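If you read the sequences in order, they're chains A and B. In this text, residue positions in the first sequence follow our numbering: the first is 1, and each later residue adds one. In this text, residue positions in the second sequence follow our numbering: the first is 1, and each later residue adds one.
These are calculated hints, taken from the structure and not from any lab test. Because the structure is a prediction, the values reported are computed rather than measured. Beta carbons are placed, not taken as given, at the ideal position from N, Cα and C, and that holds for glycine. Do not rely on the hints blindly, as some may be mistaken.
As the list claims (entries may be wrong) - Below, in silico cross-link-like pairs of lysine to any residue (SDA-like), each with a Cα-Cα straight-line distance of 25 Å or less:
no., chain 1, residue 1, chain 2, residue 2
1, A, K318, B, P258
2, A, K238, B, I159
3, A, K417, B, P258
4, A, K373, B, G81
5, A, K187, A, S106
6, A, K417, B, L169
7, A, K417, B, P171
8, A, K417, B, A82
What the hints assert, rightly or not - Under 8 Å between C-beta atoms, here's a sample of chain B residues computed to sit facing chain A:
no., residue
9, L80
10, I83
11, A97
12, S98
13, G253
14, Q257
15, P258
16, P259
17, Q271
18, S272
19, T274
20, Q277
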Amino acid sequence: MRRSRAQRAALISAGLSLILAVAACSDPTQSDDTGNTSDEGTDGAAAEDTALNAYLYQAPNSNWSPMAPAHGPDQVVMNLIYDSLLGVNPDFQLYPRLATGLPEISDDGLTITYTLQEGVTWSDGEPFTAEDVVFTYNMVANPATGSPSAGKFADVAGAAEVAAGTAETVSGFTAPDEHTFQITLTKPNIGIVGLTGNIFIIPQHALADVPVDEMDTTDFFTKSPTVGLGPYVFQEYKTDQYVHLVKNPAFREGEVDIDEIYLRPVTSDVATAQLGTGEMDLAQISPADLETVEALDGIEVASGPGAGFIRTSVNQQKPYLKDVRLRQAMLYAVDRQQLIDEALGGKAQPVNASFMTDALPDDLETYDYDPDKARELLAEMNWDPNQVIQLTWIPGQRDRDTAATVLEAQLGEVGIKLELNQVQPGEMTDMMNAQSYDMTLYGGGNYATEPFAVYPIDSCSTWYPNGANLSFWCNEEFDRLMLEANATVDEAARYDLFQQAARIENAEVPMIYLYNPDTIWAHTDRLQGFEPMGDQTNPFWNVQEWSLDS
Amino acid sequence: MSDLRPSLDAADVTAAQEAVAAGPGTGGPSSSRRSPRAMAARRFRRNKVAVGGAIFLLVLLVVALLAPLIAGQSPYSVDLGAIRQPPSAEHWLGTDASGRDVFARLVYAARVSLMVGVFAALLAVLVGTLVGAVAGLFGGWLDTALMRTADMMLSFPNIVVVIVLAGLLGPSIPILVIAIAASEWPTAARMVRGVTLAVREREYLHAARVAGASRGWLLRKHIVPAAMGQIVVVGTLAVAGAILSEAVLSFLGLGVQPPQASWGNMLNDAQSLTVIQSMPWLWLPPGLAIAATVLSVNFVGDGLRDAVDPRQSGRS
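In isolation and in its complexed conformation, chain A is listed as follows:
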């Protein structure tokens, strides 16, 4: 008995290293075939069903609400189950979805008018009207719902009263008729279309009875957001395994071709391996795997430039992280160009400010790799080399994990002690709420469509959870320039103000800019109609044009 146990242990140990190495992770719910039939209960009867297995880059927070703090994987789901007035295409330009065209803005800049498509119905058959839009915008603009986007509506007539709790609805959101939605502003706000045109519209008839302050925890959003306008309808979320969606017969552009979608939260490594085995049909891959994946049979690769970027926020609520010279030293200490060239195979752009396109001046400090300069700055500010800084992030994406390792090593070389701390999404949210992290590594966002999108991540009034400022940085001059730009109708003057703001941000370094990665997608060649999107939260932007050969 005993000897055989020892032998077994020895065998297991010998096998383990190989099994672990080879098998990566295999999903028990997944059948061995290529996934062109659905996983559950299709014993030939529904063999014509097409199901797409797609990679979800992290586990969802299971809060599919436009009022929830933005979490990329949840956004992927919401992009499929909800629809919005406007969308963003791979060129990061706005285009109409539920609206018939881009909104009309009055000459004085104070009235924005959307005309809605007619004959659209919710997935449960109820008609969609402008009242649903008014309801949605009222919810998102009301901080009582927990909405971190409420700040974006500050210039809307009546929004201040709602924020103060003296009014229940925003008087500036109106529906003159069933197919018209109007926003009335107290002063011109050019960015508001780009920032709020793509808010997911939620069904008034399903949510009207939910008290406003329970909106963020109601079952509709956390368990079963089954009524929507999107191309797919939410079916279920098996925790950490998959989100199951089926097509919406009532979708405004007609039924989509692919019957079901399974979004599977796995690491990028596993997703890549599953592309090879046929278990995954669509995945985002790491630049390091590009050559391997291109060599796979039946797999096509496409990439799009990103509109967000990978960064680490530096929590300026912590006294030891307040000095701007520390943050500048961090930028000088990390060889970001080499990180891009070597670890990312050149598939990324350098970043030195959050602004993009015409809002980005060309005379910014580029913080080229210069460890001596970093040491100088640290010596000047009397940095205590024994102070440990914790870097927290959600692991699983190879490029981010590598970036964290490089940060630890290269900051260590100039005398900044970094401690790496990998956490799960839920724990990350807790740390954000408690403002307890030192630095946190994350990515995403879209700063190419509308430069004012930088305001929520940088301004004094949008500190998390009132916005997405995770560095808790505050510069009043920066805020003033941003707000002035946003109220300036003249295009040239507007962008000049954005550039001034960008120079301040570039000098003050509210976050450690790392790189803007190209988003590389790999998909089975059975998938037709895929157009690569640089925004990793919206690969399905044109899913109605997709089909999956069996």
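Assemble chain B onto chain A, guided by the hints.
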């Protein structure tokens, strides 16, 4: 010693000491002129596989202790100019995804893996021995409570217990040691309890008890020494289990945290399709290191058991 048992005379003390020295199951004074310990050592030396395992472990121990001398380079120094390089004169086993020397990491990882393995096994054996001896000696409801707890722990799949603990308490090396020990102590506890129940009925124990020995004294002087041979065996095998658990947990990201190297988290790299297909230097060395170490520990454990308890050696 005499202050503990003031009522005993000198002759009794000598008899008791002889019993302890001889231990149970060695057949008393007629067995041989050699001490049981020497005989066990001789039996162990004859077992070539076990000796081979022991030599490998000794070499590994030296490597781990002298890691800075042997590695030659820092296991943490990142070189973005040389990532995922194949083995070369400069990097004997190549470099990883951030340009760190794989050989240096392998050598430093031996420290972590051995340390976690040994400390987790020690802790498990310590707790297990105490629990088992107390349960066996006291009996009654205490025995039932302790042993049912042990049964409960044994009926969980080990790795799940460890994953839950590591997940709850956050990954770090002390937590890892505690989590692994928590899943391994019941084996030792049950074994020690068995020995205790057998020894409890021996005449020399009755004698000691009649003479007024306290339970604590019995535990220290009779029960633990009687079980020592088997404790060593269980402990050794527990080391192998602990090294494996460490590797699994680190592979899953719940064990040793980056940038520190362990064989398990080095294998983590091998989840990448590119690495598994075309960069064997990144996963073969840590994989082989785990396999060879665990195999050696098991050989030594087997050898020790056969040496301590020769009646078992023929069985399979």
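For this session: Check each numbered hint against the structure and report the violated ones by number, ascending.
Result: none
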